[in-house]
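Q: Sequence order for the protein chains is V and F. Our numbering puts the first sequence at residues 198 to 610. Our numbering puts the second sequence at residues 5 to 197.
Derived from the structure by calculation, the hints contain no laboratory data. Model, not experiment: these values are computed from the prediction. Some clues are possibly wrong.
Some chain V residues judged to face chain F by a derived CB distance under 10 Å, without partners named [as the list claims (entries may be wrong)]:
#1 Glu216
#2 Arg222
#3 Ala223
#4 Thr546
Anything over 10 Å on all C-beta distances counts as not near chain F; from chain V, calculated [unchecked claim]:
#5 Gly391
#6 Gly522
#7 Pro533
#8 Gln535
#9 Val539
#10 Leu541
#11 Glu559
#12 Ser560
#13 Gly565
#14 Ala604
Cβ atoms here follow ideal geometry from the backbone N, Cα and C, with glycine treated the same way.
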Amino acid sequence: MDELDLVRSAGDNVGPSAEVVARHRAQLDRALAASSRRSGRQEHADAHLDGARSKRERLGHGSASRLGHNLRLAVDLRAHDHDLAAADLTDDVARQVQLGSARREPRPRRRPGWLAIAAVVLAVGGAAATLVLVHGGEQGQITAATEPSTAPTQPQLVCPGLAPVSASSGFGGGAEDGRPAPVVLPVTVSLPPGFDGPADGPSPGMSAPWAGGQLVQHWTSPTGSVELRWPSDRAGAFAEGLPGHSGTANATWTLRGTQTVGQPEEVIVAYLADESPPCNVLDVIVRSDDRGAVTALAADIEAGLFAEDRPTLVIRSEDAPGLPGADGCRGGTRIPNQGGPVELPPQPTARDALRAFLDQHESLATGGYIETGLPDGSIAYRYEPEPGFVATVIHVAERDGGWSAIAWDAAGC
Amino acid sequence: VDDEAAVRASIDDPSRFGLIFERHHARIWSHIARLTGRDRADELAGDVFTTAFARRHTFDPTRGPVVAWLYGIASNVLRTRLRSDARAAAAFERAAGQVGPAASPIDAADDTMATREQVARVRRALAQLSASDREAIVLYAWERLSYQDIASVLGVEVGTVRSRLSRGRARLRELLAARGEVLGELSTFEGGR
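Based on the provided sequences and hints, a complete structural model is requested.
A: So, in structure tokens, the structure goes:
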């Protein structure tokens, strides 16, 4: 018996219950029925449009705030180590306006030139100085590293709950075999297929030096890299929270720019409300030669960093003879319900349409909805914080070659 | 009607996609249950099929069979849900408590603590692999996919699948040996299925 035999023996012969099969089949049948009402050919044509719209919607989520962040950061981070050029910000504005296609054409890399090389030298020096100023003297834990980015060993990490990780061990070790235990990160970094890692240390030749006590890891793919740095190189600057942010909840910012070697990058700064400075700020840096790919991947990673904080979107599915309504507020004061018709771009599935709606209504519950199939093929998602009390109803229907939220009704309190 | 024809036909006649559900739902559900437990399989297996249906225009038979395409969508759905290697590993270990060992020639009376402990040891060892190595091993050993199909599921080259399997298997061997499992000689991974 070898290790594969053992793995096979640790499998199972379980299957879904009849109830689950029926529920999943009903879920699919609703999608099939909705789709059947259209011409197959028309739907095929629509599908490409839907993809573009869906992408635009997803990237468009938070675009206004992200744009605001970028513009503010152009002021705040002028002295930092990343070249947030005005041209890049202008590109951002243009991209946000013309996100008509899911995948943008790669932009030719800029040649550094002598002036740019001089700027790189100054920027690297400035970054080291910034680290010393921001972290070195004050915290006594993070110091500006002068060694090459591939530092051979990692000293005791400064952030709580982390086991030290050697430069070469990666995540695979466990305490029982004498290797360091896996590191548990405070955020979730979700990457698409094709990325290998994580490996310890910065992306080779691509990043700021590895500061002592800082957890630095990277993932690589044939077209780019993702790097995590905890605490952030900007931990001092954002110790009290991100600009315009109360500092009492987890939050993220995205900085766009061009890395010092000329490769487009985006830096997602994550603020961790439950950690203490300097460990309450963490960076995830996304790089690729394809700026569009950087933006798309950074958006996905940013959306998922705190995904585990969110409850399950749909807790069960059932059918109902008619559209339910939300209950009014309880208590003596009568507060009218809020809601009404809405218009949103179509999404591939009904649940995607619910997510798109919730993305724009932050006061509503982000999960725990009951999916209610209606006789006309539309779906009502209702939220009941306690049995029998319907706090929110979001009505989703097939529109324009996809699914969209068309109306909502919620208790006004 | 083969799977590929059913997917193709479903572009003009959506009801044809029901055949894909009938043929593969149990398999996809079991895959998710093995990796993350029954609860998540109950929650997510349906999403795999609605997502596949919504994206049926994008199915490319030159990249692998329909079942590999479905595993790939399941993999993405899980990745979206679990979001990190650490959470995937934790879910994988927890799933061991929700599923039992495979039927074996061992008498039911002997399917006792020893078997369950061995299953737990193997699962703990698997949980310590990187998510990419674990996924390759699971697709190979449990789902019995070929190298080519695993490459299609994971969106990587066949050579990458080979290296992940080889690395994962070697690491697994180390971990199991450290836990007292007696293993035979390491066989080579030449050729695949």
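Q: The structure should be examined with respect to each hint, and the outcome stated for every one.
A: Results of checking the hints against the structure:
no. : hint   : in the structure
1   : Glu216 : 9 Å, holds
2   : Arg222 : 6 Å, holds
3   : Ala223 : 9 Å, holds
4   : Thr546 : 5 Å, holds
5   : Gly391 : 6 Å, violated
6   : Gly522 : 27 Å, holds
7   : Pro533 : 35 Å, holds
8   : Gln535 : 29 Å, holds
9   : Val539 : 21 Å, holds
10  : Leu541 : 17 Å, holds
11  : Glu559 : 20 Å, holds
12  : Ser560 : 24 Å, holds
13  : Gly565 : 12 Å, holds
14  : Ala604 : 22 Å, holds
This entry does not satisfy hint 5, going by the numbered hints stated previously; all others are met.
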